[in-house]
Every structure is written in C-alpha cells, then in structure tokens.
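> Listed here are the chains, written in short residue letters.
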Amino acid sequence: EVQLVESGGGLVKPGGSLRLSCAASGFTFSSYNMNWVRQAPGKGLEWVSSISSSSSFIYYADSVRGRFTISRDNAKNSVYLQMNSLRAEDTAVYYCAPRGEPSHWYFDLWGRGTLVTVSS
Amino acid sequence: QSALTQPASVSGSPGQSITISCTGTSSDIGYYNYVSWYQQHPGKAPELMIYDVSHRPSGVSNRFSGSKSGNTASLTISGLQAEDEADYFCSSYTSSSTFVFGTGTKVTVL
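Protein chains in written order, with our numbering: chain A, 1 to 120; chain B, 1 to 110.
Note that these hints are calculated values from the structure, not bench results. Incorrect hints may have been included.
[Unchecked claim] For lysine-lysine, the following DSS-like pairs were computed, each having C-alpha atoms within a straight-line distance of at most 27 Å:
1. A:Lys43 x B:Lys68
2. B:Lys106 x A:Lys43
3. B:Lys106 x B:Lys68
4. A:Lys13 x B:Lys68
Produce the entire structure from the sequences given, and follow the hints as far as they go.
Spelled out as structure tokens, the structure:
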C-alpha cells in the first residue's frame, strides 16, 4: 500500500524554525521527484518546492526561496523541508507529493499533511 | 508565480453540466500541455481528477473531462451529482520548472 506520512508540524513563533519530514512507502521512492505543497487555512493550494530523484534539481516558490531548504534521503525513503525565518503567512497544512519522473507532471499521491502554525 | 485564476464558485442542479475555467499565462498553461485538476472535500487531501489537460486517472468517473485553449484550461463535470460538491483546483507546470495552482472553485450542487 502506498503511504506518505508527514510529520514535524506544530506551533512556532515568527522568526523561528521547523523541520518537516515525509516518510514514503509502497513505491520506489528513489525514482520519484518529491514536492511540498501547502494550504493555508480556508485557502487554496500553493506549490512550495521540489527535489529530483537524485537531488540534482531543486526548485522553490518565490515566497519561500532563501528561507526553506528541501532535501531527501533515498536510503530512508524520506524527504524533508527545513523552514527558517518563519512568518505568519507560512501557517498552513504542508503536504508531500511525489511526482513520477521523467514524464508525470501532476500529483496523484498525497499524504494527510502536517499543520504548521506560526504565531506569537 | 501568480496563482492561476478560477471562479470562486460554480453551482448546478443534479444532472446538469458545469464548467470551471482556469486562466493562466503563456508561461504556464499556454506553455505546456501539463494542466491537472484536483478535487478536495473538506478536511481531506486533494485527489487527482484530470492530468495532461484531458486524461483521466483510472477510477475517476468519465463525467469529468478537461480541455485547453490558449492560456485557459477548463474542467467540465457532466451529470452533476451530490458527491461532486467540493473544491476544485487547477494546476500547471511552468516554463520555470515550477508548478502553479489555481485560486480554487467551490462547486455547489443545488
């Protein structure tokens, strides 16, 4: 069974840091591009970042570039999102979403997400 | 990286057809045929309904169809059913190797 389990969310003060993790199982993790997508409460989806299967290609949304860092460990079937200098507008449910390489340009697998709340 | 533009809400009666538009630019929707659509029920994760403009994943009803013209993509739901009431988001891969999502449309079945 395919499973994605996000963790690491919680309450953090503005300017603080948090590290999210996503543990994957049930598919060949090392063959997939991994993404983080977030959704602020009552708002739409926002793509945050992606990392290619070999970590060679990494991309960020303008809203998080310079503050967030994506990484992965194929031996542990996990992807991470280090979030620094957090702002109130980063408050959201964060989902990890794999994308099949080289030709899948969509997200057909989603975890349940982990909630990040940035508030003093 | 501005969000793609969708109508905030669309409604229809059971059995009717509705269409949700998704307008982008020549750098996203107009650049590639990599538009996808997601359905999201309250408190749930999104579910893929359409990929590559008009392809349906296995298990998705053929009442859902997608199309694209220029910088605008569309999702049509025919034979509207109560279970179709949800939020719908479009998405496109972009010329910058990133993704952009739509603003979202709430579908109400009257």
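> Quick one: which hint numbers does this structure break? Sort them smallest to largest.
Result: hint 4 breaks, nothing else.
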